[in-house]
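Peer 1: Read off the chains here:
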Amino acid sequence: MTTSTDGARSSVSDEPGARTADHRVGDTGPGGPDADTGSAWLVEEIQRRIAAKNTGTGGRHARRSATERGAGAASASEYVPRHSVLPPGAGGRRSQRPGPPRPSQAPPPREHSGGSAPAAWSGPSRPAPVSPAPPLRPASLLAVPPSPDRPSPSPSGSAGAPLPVSLTPGSGFGAPPATYPGTPTFEPRPKRRAGRVGRRAAGRVVAPPKPDSHTDVVDEVLWSAGAPPADLSPPQGLTTLGARLLSMEEAETESPAPGKRVRVVLAERKGVARPVRTVVDIQEGTGVGELLRTNLIGSQLAVSLRFAIGVGLTLGALPLLFALVPEIGRLEVFGLRLPWLLLGVLVYPFLLVLAWWYTRTAERLEQNFADHVQD
Amino acid sequence: MTATGILALVAMGLVVVASTVIGSIGTRARGTSDFLVASRTVGPAANAGAISGEYLSAASFLGVAGLILRDGVDALWYPVGYTAGYVALVLFVAAPLRRSGAYTVPDFAEARLRSPGLRKLCTVFVVIIGWLYLLPQLHGAGLTVETVTGLPAWTGAVTAAVVVVGTVVLGGMRSVTFVQAFQYWLKLTALILPAVFALIFFVNADRSLDRPAPPQFLDRTTVDIRTDVQLQVQFPVSVTVTGVITGPTGPPVVYTDDETRLVEGLNTVQAGAKLEFAGGAPVPVVAGAPVTDADWLTPYAAGREYGMLGTYSLIIATFLGTMGLPHVLVRFYTNPDGRAARRTAVIVLALLGAFYMVVTLLGALSRLYTPQLLVTGETDAAILLLPAAVLGTGPTGVVLAGIVAAGAWAAFLSTSSGLIVSVAGVLATDVLGSGKVRDFRLAAVVAGAVPLALSLGVTRLDFSEAVALVFAISASTFCPLLVLGIWWRGLTDVGAFVGVLVGGLLSAGAVTVALSGFVGPGWLGVLLYRPAIVSVPAAFLAMAVVSRLTAGRTPVDVDQVMLRLHAPERLGLSRDRLTERVRRPTG
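Chains A and B, in that order, are what the protein sequence lines are. Numbers 1 to 375, taken from the working numbering, label the letters of the first sequence in order. Numbers 376 to 962, taken from the working numbering, label the letters of the second sequence in order.
Chain A extracted, bound-state conformation (with noise of 0.2 Å):
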């Protein structure tokens, strides 16, 4: 099996049902990626990891010790899988593991930052200097239904054409991804959204690049449906493929049972201008909508009215001032009549300074609504 070509076999050996896996798969590979002839190696792999699954303990993948990561900026503590059901924020995490993979779904996209977690989905706008990935070679990964309930997906089982397939987490990618070795490192897909996840990805592969690059960052999403097919790399890229698959394996194996439903949210809410639930209710005039509603209304009324007595009453009392105080018409500062320093200058400044604070204001408090609504 390719695992064993690049080297970095140390935590799968520890592992009884890795050892098996890989001692399964090594069996039948005849060694070195090279070797690699497609969907055969594929049913292997993926029945190693199911084996690893079945016992609990993790692929190569695991997060059991931070040796194992390769150069990279965060430890291993923070490397989050994306399947993890810890509960968000928890070790700087995002993504929890979807549910038992959907049906005719393409593997759940998962991120690939090799040692750090993906502290912040930031969105689409992170752009890490990666090499094109190679599409990845088996595609037929689809085509294998890995375990019982995962019915076959539509993208043909013709194992030896190389579908690539590539899916689309949904939005962000993680921290300074580091690079891990036998990690493969994908194109960033700077068109992520919310929403793709569910998606029958039935595309393509984004192929990992080729092993030399693995020092170059690594963003999360990988997987990005609508890749053009990019030509197949020699098998060497196998090797990383290998290890996203077990990978993958080995976040499914932290689940907390098999057929347990677990929500994966793989896309941080970003409050996208689009109506959502809350404002849906706001709408409607329902209770809590209308009271949020009425209140936002009354405190920005509540503010441009402060603001407009404010200027009113201080314009406004100067006629009365002038009329009543003669001797301010006669007052001079800086050579100027007291009266034409203060319409004829200062009253501009002011009346700036109050326009630029209550824009600030009432900007602060559309976003205290927004906040709540989108909360």
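Hints in this document: simulated from the structure, not taken from any laboratory. No experiment lies behind these values; they were computed from the predicted model shown. Heads up, the beta-carbon is just placed ideally off N, CA and C, and yes, glycines get one too. Just so you know, not all the hints are guaranteed correct.
Unchecked claim - Covered stretches of chain A (in silico footprint by chain B; criterion: 3 or more residues with CB under 8 Å from a CB of chain B, positions within the stretch not fixed): (1) 43 to 54; (2) 291 to 297; (3) 303 to 310; (4) 321 to 328; (5) 332 to 340; (6) 361 to 368.
Fit chain B to the known structure of chain A by using the hints.
Peer 2: Quick look at chain B alone, frame taken from chain A:
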């Protein structure tokens, strides 16, 4: 024609050419959206510059300085009011109106209250306000041409109208935006240069305005009296007269190039007279204005009756009237969203403040340099004459005069463009019934032709007074509608209709009476000239009371509409009424 005149003509021609060139950048505009709202493709800085350019009309450029020259501190409420009006707009109207997606006030009225009748009424007032505002612009164009070059005034008015309508027809709003931004900076430059020069001269000459004496003629000056004027003379002055003067006591006396003395008291000079004053002679000031410089520096100088009433009415009119001006509102629609609308408005305030500070300075300095205008009371030409008065007729003076004339010209062009675009927009969408580009062009021609005809008919108009009247109408009709519509859930269409009608009739009626020359006694006279302090509260009251009485008529979806107006853009609730309305491919 003098060298100044030729240069000024050249400068004005250059402004027109530059405007056309810049405007032609926008002739790629094809869709109605392009035409009407610049497709929202202009950046906030350009938009802020364009708003300021459009807002600073002839009244701001020439009229304010003229008023300061004549009335002193009391006239400072004009520029302060114009600026504070913009603050009121930021506070109450900017973001919600943008979020409503409404393009004009009638559009907003329909969006909010679902009443076509109200929309029609608002259209009527938009057109009234727009045309009333265009009148002083065209007049100012004529005055500029006449003052600087000596050509008859109507040539200036006609040229301005033709140029503006042409720009609008060819390029629509988008081209107008760039042109107006350019024109703002031109205007500011055209003011800063003479201000700097005049200040230097003023400081060097070590003259003071703080004297208990009237201003003095700089040198031998001839004043042509074109309409009857009453002169308040406190310091007797010798004058060579050709014409008819009636002294404070006694019958009118006809002079033909005779020297006489104007004695203390009110002297009436008939139209057609020529008065020649020696250099250094004290200036007899038109009645009603402060006579001595010291008085002029002081608020509520002697002789102004009901000064506070008039001032407060003016304050109310200008503070509340800005938000209803048609060309101001249209500009908001070019912002991408409500937040940007607010922020743009803040930038606009900075630009306006800079401009008005310079104008105030120039107005004050013109008391020293162009006091002869005080004789006739037609002080609008103060800034135009200032460079020549300060620098003489040498090359610097001529160039500076040309620049100032160009700036004034830019002022008319920019505001007139904005007004014509907004009036044409309203006419095209509401009267002609469609949003096609072809209709818009036709409406633009109509929108320009009518005020031109009016301005050629009306011979004398005081800019800032006319503009203040326009503000009063706007404050009485659209301000209550906008403020109550945006913030009060309980407004009904009937209430809005009645309120707009009440405010509009009161203010427009007062305007008509005032413009026709009738002057009432005491405080009534002041109110006729400054109706806002009565008409604005009346409109608010009418709207509120009638809405309460017809409370059952609040629109069904009022809650959703209110939410749309106030909810931040993030939530994705705002709509675009213009694109919804115009779905057909544009002609």
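Peer 1: For every hint, state whether the structure bears it out.
Peer 2: Structure-based check of each hint:
1. With 0 residues having a Cβ less than 8 Å from any Cβ of chain B, the stretch 43 to 54 of chain A misses the three-residue criterion, and the hint is violated.
2. For the stretch 291 to 297 of chain A, the stated coverage by chain B holds: 3 residues have a C-beta nearer than 8 Å to a C-beta of that chain, and at least 3 were required.
3. Counting residues of the stretch 303 to 310 of chain A whose beta carbon lies closer than 8 Å to any beta carbon of chain B gives 3, which meets the minimum of three for the stated coverage.
4. Remark: the stretch 321 to 328 of chain A is confirmed as covered by chain B, as 3 of its residues place a Cβ nearer than 8 Å to a Cβ of that chain, reaching the required three.
5. Given a C-beta distance limit of less than 8 Å, the hint that chain B covers the stretch 332 to 340 of chain A holds, as 4 residues qualify and 3 suffice.
6. Counting residues of the stretch 361 to 368 of chain A whose C-beta lies closer than 8 Å to any C-beta of chain B gives 4; at least three are required, and the coverage claim holds.
Checked against the numbered hints given earlier, the structure breaks only hint 1 and satisfies all the rest.
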